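Starting from the given sequences, assemble the full structure and let the hints guide the process.
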Amino acid sequence: MVAWLLTTWASLAAFLPLVILPMLLVPIWQLCHRGALLPPAAQGQLRCGPGRQVRFNDDTLTLRGCQSACAHWFVIVYFEQRAALTVWRDSLSDADYRHLLVVVQRERQAP
Numbered sequence: 023m024v025a026w027l028l029t030t031w032a033s034l035a036a037f038l039p040l041v042i043l044p045m046l047l048v049p050i051w052q053l054c055h056r057g058a059l060l061p062p063a064a065q066g067q068l069r070c071g072p073g074r075q076v077r078f079n080d081d082t083l084t085l086r087g088c089q090s091a092c093a094h095w096f097v098i099v100y101f102e103q104r105a106a107l108t109v110w111r112d113s114l115s116d117a118d119y120r121h122l123l124v125v126v127q128r129e130r131q132a133p
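Be aware that the sequence shown starts at 23, since it is given in our numbering, and climbs by one per residue.
Derived from the structure by calculation, the hints contain no laboratory data.
There may be inaccurate statements among the hints.
To be verified - Cβ pair distances, simulated, as ranges:
| # | residue 1 | residue 2 | range |
| --- | --- | --- | --- |
| 1 | A32 | Y100 | 22 to 30 Å |
| 2 | A25 | P62 | 17 to 25 Å |
| 3 | Q127 | L27 | 17 to 25 Å |
| 4 | A63 | V124 | 18 to 26 Å |
| 5 | W95 | P44 | 29 to 37 Å |
| 6 | Q65 | A93 | 15 to 23 Å |
| 7 | L27 | Y100 | 14 to 22 Å |
| 8 | V48 | A117 | 17 to 25 Å |
| 9 | L28 | S113 | 27 to 35 Å |
| 10 | D116 | V48 | 16 to 24 Å |
This structure is a prediction, so every number in the text was calculated from the model and none was measured.
Glycine is no exception: its CB is placed at the ideal position from the N, C-alpha and C atoms.
Below is the structure:
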């Protein structure tokens, strides 16, 4: 969904005059600020455990699903115990982020 929104925005922005762009940018900024476009960002320590277990701060959560269409920037992770979290690429070390992507891919391919 996020990739679709970014593609739509880029397509519209390429053909619109610069005067109209701020009028479109303000509502999008307000949606982002309220958290309507992306779930809240994960703040704290995130570790991938065995299977579908993910340790977030002091909680052990079970991975339910993910959205990794924009994995170059972020991954949205859905848990069974709580709402989704956005994990930004620069919030983890490269090794931890790659490990999270591997766990996410395994979850996606599991029946």
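Structure-based check of each hint:
1. Between A32 and Y100 the C-beta distance comes to about 26 Å, which sits within the given range of 22 to 30 Å.
2. The beta-carbon spacing between A25 and P62, approximately 20 Å, falls within the hinted interval of 17 to 25 Å.
3. Judged by the Cβ atoms, the range 17 to 25 Å given for Q127 and L27 holds: they are separated by roughly 23 Å.
4. At about 21 Å, the beta-carbon gap between A63 and V124 stays in the expected band of 18 to 26 Å.
5. Between W95 and P44 the C-beta distance comes to about 24 Å, which lies outside the given range of 29 to 37 Å.
6. One distance hint, 15 to 23 Å for the beta-carbon pair Q65 and A93, holds here, with the actual separation near 20 Å.
7. Distance hint check for L27 and Y100: the Cβ-Cβ separation is about 18 Å, which falls inside the suggested range of 14 to 22 Å.
8. For V48 and A117, the Cβ-Cβ distance of about 39 Å falls outside the hinted range of 17 to 25 Å, so the restraint is violated.
9. Separation of L28 from S113 is about 20 Å and departs from the stated range, judged on CB atoms against 27 to 35 Å.
10. With their beta carbons about 35 Å apart, D116 and V48 fall outside the hinted range of 16 to 24 Å.
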